[in-house]
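A.B. asks: Letter by letter, the chains look like this.
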Amino acid sequence: MTTYSKEVLKSLLEGTLPWATTKAIMSGQKDEDRFEKYLEILQEKVSWQERIVVPLGEHLYVVKKIVDGARQFIIKCDCGHEFCDYRSNWKMDALIYVRDTEEKLDEIYPGDRKPDPNWSVIREYYCPGCKTQLEVEALPPGYPVIFDFLPDIEGFYNANPKLKKKILD
Amino acid sequence: MGIGWNKKTLKEMLGHSKALFKETGHYMGLKQLPLKEGDPLKYERLFSRIRGAVVGARETALHISASPIVRELGELCFTLYSPEGDSLALSTGIIVHVHTMSEAIKWMIENNYEEEVGLKEGDIFTNNDALIGDAHTSDVQSIIPVFYKDELIAWVGSVTHVMEIGGVDAGGIPITTTNRFGDGLYFSCEKTGENDKLYRTYQIRADRNLRGSTYWHLDEKARLSGCQIIRDSLKTIIDDFGVDYYKKFIREIIEEGRQVFSARVRERLFPGRYRAASFYDKDVSAIIPGAWRMTHAPVELTIGAGGLFKLNMSGANKWSYDPGNSSLPAMQAGLWVAVTQMLAYDGKVNDGAYYATEHHYPYGSWANPDWPYVSLSATWGPLMITYNGVFRCMARSFFSRGFVEEILTGYGITGLIQWGGTDQYGKPLGGINFELSASGSGARGVMDGIDTGYAMWNPESDMGNMEIWELAFPMIYLGRRITPDSGGLGKYRGGNAFHSIVMAWNSNNIQLSDGGPGKAFNNAGIFGGYPGTPVLRKQVYCQNTDLPEIFKNKLPYPSYEGDPRSYTFAKMVKGDQHVDNMATLFPTDFKPYDIYLCLWNGGPGYGDPIERKLELVEQDLNNGHSLSETAKSVAGVVSSQHETSGEWKVDVMKTEELRNRIREDRAKRAVPCREWWQAERNMVMRKDIFPPIKALYQESMAISPDWADEYRKFWELPADFTY
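Protein chains in written order, with the working numbering: chain A, 1 to 169; chain B, 1 to 723.
Treat the hints with caution; some may be incorrect.
Unchecked claim - Straight-line C-alpha distance at most 20 Å; calculated EDC-like pairs for lysine to aspartate or glutamate:
{"id": "1", "chain 1": "B", "residue 1": "694", "chain 2": "A", "residue 2": "116"}
{"id": "2", "chain 1": "B", "residue 1": "654", "chain 2": "B", "residue 2": "618"}
{"id": "3", "chain 1": "B", "residue 1": "22", "chain 2": "B", "residue 2": "110"}
{"id": "4", "chain 1": "A", "residue 1": "162", "chain 2": "B", "residue 2": "267"}
Stated by the list, open to error - To spell it out: a stretch of chain A is covered by chain B in this simulated footprint if at least three of its residues, at any positions, have a beta carbon under 8 Å from a beta carbon of chain B; those stretches are:
{"id": "5", "region": "24-31"}
{"id": "6", "region": "55-63"}
{"id": "7", "region": "93-99"}
{"id": "8", "region": "104-118"}
{"id": "9", "region": "128-139"}
Keep in mind that the hints were calculated from the coordinates and are not lab data. Just so it is clear, CB atoms sit at the ideal spot from N, CA and C, and this is done for glycine as well.
So here's chain B without its partners, still in its complex pose (with noise of 0.2 Å):
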């Protein structure tokens, strides 16, 4: 006799659930609605009262008790789902984790948690495995059963970016792991409490093996709160409308949902096939002295006109020894907060979407890898270049259909700056800034990208307060500031990246690290426009400076990173300079005084520069968004400084005549492609390319045979060519 409905066991709920759709394809077999097509208000009041509780209890949880990641920038979510484990109402937040506690919970059914672990009112488990159901070690989940009566009518899950996660390095997400056993603390979708409290055992295990447990602990009450504030809320609703009406809405609520999606996808999208590659390099050397290597991220979009939306990742390399790689549930979680921003975003989304899309992510590559020990650590570096392509994808549908108003290039992805060592309280330190959650989004059919207020994996972006950050990492802001023409170049421009300079300051035992791509290019954009810059390109840093007789003298000191040619603000100041060629910081022991560049990304661009309108140039001009140089070389735009208010003007004429000029000047530098193609097919053939790209095209060959006819298709090559 199981705890789900009339006796069955869960697993028996899910097989029967997985038959249903699979001979109908509808969810549970529903081809029609008759709830909501009966009495719609009632249906729609339903989804307002648990929409409303799950939303509530997110707002209310982080006020709480929480750190500062979770507070400031609200980094949960929570989510109600079905016994079966499909979510069927989310809160605002994190909302990619809807899909991965959706796959953890069915992880825990399939493997007869029912029976061999048991499931009671009152239980708490904790999951934070990317093999089973989540992103990275980092992002920890709680995840509770709900009983109604003697049945298991729903589960309620939640999840926070923790500080730390006590991996081979300090912070969230150790960037020196090369295997799962540097990852951090991995819980496997563990029983940690019962009768709402969590076990002490549990407490002590976080206590002793976190760099500082206190936001820990703090974040853990924040989920728990949330959770069990749902868990509440959901039975009064339950008895108000009836726990049979409760039933027959939450199917529906699904099938709705796809339907909804597909609906979407008809309505929005042209068919056909899209296609997109993105990259981002990783610096290996933790591992091999000096070494890098790059993730090859293709995709294949294809749109039905009946409303299929299929994503294909053939050609996705290897899998590596590193942090960077991913898993299948966070890819298909990826997949999930794509389309939940791009195409079904208002409030009633749910898990229909996940069932209204297909995928294809080649086992052995870096986003399906077949080694059980490999490290997720870094996950998001992957997926966000990969959910990139599928932006443009999307963007290049929308422009078909003549939605411009709905396109997004993409957007700047996020390195990591992360601290170690003892903080100015004398405790052990580890913790991300998590400023990085506001990075330049890709420019909109219709104007530029949003500045310095976008991550793809949380749509509430925020950088948060400077003055938060000073209270939890042992260091001081001597400033913040745009960073101009990060954002790639275009018509419309992407959204630009901000910089800050900070200062370690009020420990002597303080590490810093920062991981991020900086050799390629991690977006690009469409139509003419151009990507945004590397994310960190090199490192740049200040240590054993004299920013005290500075600022005992009271004379001006670094606040900003100025002309990317000269690093103005290093001339500022005095000391062991650095301008290191590597994107990635190891941890690095840092000093009081010692200072530190950190760069984000900006999204890429839309159409062709040298069609951006005038006076988007001259009010980017005046408001350092971008420099006169390159607006000169790239947007066709002269401009001068007038020499005492410092405002810039465009010269409308003279703008007109360089534009002209730039026109004549790419018919003289140009080829055909033709005759391009032949020169670089020489270069393939005799496969003189740089080793770490050689060995990209060599994986991406071996794991997908059909793009590796396509490439030897392409440069018109023997059958038996391989690199």
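If we strip away everything but chain A, and leave its shape as in the complex, we get (with noise of 0.2 Å):
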């Protein structure tokens, strides 16, 4: 069975994994405990207790939270803020910054590198805690917010009856 150490996954995580070592990776058969390794890693760089289920995002986890007796799961960031229940979508309860005017999308699209306004705006999505950008969409005026992932966490942890009982009992 193909495996790395933690130290190699954590490496290729912060991309400082050299080239060759990540080819290597990518090329070669894929490592069935990676999963498990990932959320400890992730789990090792983060300051609360909760147990992560799913990573959502660089910064973004499903994580196991108890709530007077019951188990629930909800949304987290890194830095701590807990945004809502993994069946809603986080995004609307962060805050957000629309790039909808030539002005506001020159900062990152100078000159004649932007689109239309009329056609495209640029929708950022900040953490309310830390202000991470952490995603950012571009829609044309009035297109609903797009609910990116709803990960069928059952179903998942069903078919790997070993992490699930390490991971969410």
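Combine both chains into one complex, guided by the hints.
C.D. replies: Listed below in structure tokens is the structure:
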């Protein structure tokens, strides 16, 4: 079975692994224990205690939280800010800044490199806690906020019973 | 008595195959792989022989005879099919067509070619009909049946992207066509030769209906010779392994492809529902002066814990009277080329991957038009944006599973520069400059995207040598250079695009056209990364220039775009300057010494730009990949340039201060999303939306009631709300 040390995977995640090693990981058989080690690495990076269940993005996680004795899966930023139940779109609980004028777009796309804001605007979503830019949408005005990913937590963990016991139970 | 196996007709064989798959969910009902399990070395040896035959044929054929597109950039591929038309092995190259030709072969079988047209060894069929099985008219396929003794044992297919197709305007991809009748010559699985020889009448048709047929004939020879090489190799292989073994093998290899794909889904993707939306604005002023519309490509990707991979495009808007529509076979092929790059990319890939996926493309939309005469010339526009969304969905999925090295956020899409008129040799001219085959890729999960080296539709992308294009068209390159910040900025940036400045040359009858989107973004980043710049934005060119004087006096001439706010290059030359607010240049007369700025598209970014490593920013500044102004305003990096050496240095302390200030500024300027939602909803209720966007929503809601329900639900609109 292919496996990598946590140190190697940590370097991979941080983008510091040499290209030759990264390429070998890309081209080789995948390591079956990747997800488990991945969660361990991510868990060690955060200061809070809730168990990470699904990594959602560079700073966002679905975590297991016990509230009044009941298990909940909520979305949490690595800064500690808690958004919402994982079945809701966390963006609706974020801060938003919309670049919908030429002037606002010009900061990112100078001169003629920008789109026409009548056709396409930039929506930037920030964490209310740490103000990290968590997502950027490029959509026409009036387009619903996109619900990027609704994980099937039960489906995934039911197919991986050992992990389920360790992470969910 | 049929020509298929055991005296069956091909139609019977295809019907049997479909019924078995429907009944069992396994290709040909195979739940086990007895040959592979019994003697894996023999099984793998046979696959390697077949794979070697198709790959070897491609490499040989493109050196026998081919146009610059095919020879320089490898715009061809070869595939071996089962008698029912399922691919079992493919060469490298434009592998999207592995599945389009599968559809074409099945169409011939279902349309009873066996009895009504006749199929025998040495027959040649030509197809470029995307409603049957292709992407667009300029992708021309040669398909031959292969017989072993008295049975049809296989089909071999080949495709090349041709330089010219005889459409309403010059080049392989007519951009002013409004329907099928302007797309160029159509060959609908037409029998074009027998006894391994093309009909003379077919060749005359090419000679008399194309703007120059030399490249057409060269490509035709490449396709046919490759098909024949594979046919001959296959017969030797069957002799070596025995026909009974071969027949069982081809069933297993496709089922194995299906099983491997599903296993990859289970191994690498996180189950759940993913969504993305992409857009492609289109200039339709060829029909209605000044009119534009926008293609809407929403994707919902469902990944099942058991290996389900289902794509739903509910919400795609209507097809239109312009070349930017697609067809069902092209959409299916696009899905195939996407998944074979992102998941099933090793050598053993075939139509098994196609059998492992499900899809829905709404009937009546641009992805599945309900008008048989719809134009499909520029199919790749909407195809590319669609699978940009799919790549984003898969990138999120890889991230959730921890396979960050597999993340690719998408890619820059391609415009198209085409030449017409009379070439520098005095011959009729129609051709497309395939330097377009080298956009920026999207950022990866662990590093920046690939600069100037990615095309979604040809994994072996290459811009080609300038000197080859100068031989093909009446023009000279004045320069090519990286376009700074054309890739979307982020913790990892999208691959940058390049731009070229070309000068018309050596002909007094030159028409130039360029088509692409420019009003809207065509890709999007993930996790806080920005999209790459729109493709064309504006048309920038200069006519009646003073370049003869500049050359005579050996003065500096324009060789790169320069600052996007002032077009440095335009200041270096006098003449009739055009910076036109249009993304499409309809065929326009150019004279020698007129110059044109060719712009290509960068890929989308990944992650918050203010988390970008300082050494990467410094490297970008020193390599001309980024402007210091955007490094400051977007990545929060303060830098300065050494007066004499010109080297850029990042100021670490000031950068830290600026990045902290950017976070503070974000807090000041942003509002809670629910507050913004209320204001945006009011705008939606008033229907105070730019007319082409309003039309997009109206069409999407009319074609897909489920998408309309979601739209109303999100904005809490009345049940009868419509645009």
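A.B. asks: Please go over all the hints and tell whether each is borne out by the structure.
C.D. replies: A quick look at each hint next to the structure:
A distance of roughly 15 Å separates the Cα atoms of residue 694 of chain B and residue 116 of chain A; the hinted pair therefore holds under the 20 Å criterion. Restraint check for residue 654 of chain B and residue 618 of chain B: satisfied, since their Cα atoms lie roughly 14 Å apart, inside the 20 Å limit. Between the alpha carbons of residue 22 of chain B and residue 110 of chain B the distance comes to roughly 18 Å, so the proposed pair stays at or under 20 Å and holds. A hinted pair counts as satisfied when its Cα atoms are at most 20 Å apart, and residue 162 of chain A with residue 267 of chain B qualifies at roughly 15 Å.
Look at the region 24-31 of chain A against chain B: 3 of its residues bring a Cβ nearer than 8 Å to a Cβ of that chain, three or more, so the hint holds. Given as covered by chain B, the region 55-63 of chain A passes the check, having 5 residues with a CB less than 8 Å from a CB of that chain where 3 are the minimum. With 6 residues having a Cβ less than 8 Å from any Cβ of chain B, the region 93-99 of chain A passes the three-residue criterion, so the hint holds. Beta-carbon proximity to chain B at under 8 Å applies to 11 residues in the region 104-118 of chain A; the threshold of 3 is reached and the given coverage holds.
Proximity of the region 128-139 of chain A to chain B, defined as three or more residues with a beta carbon under 8 Å from a beta carbon of that chain, is established by the 11 residues found.
Checked against the numbered hints given earlier, this structure breaks none of them.
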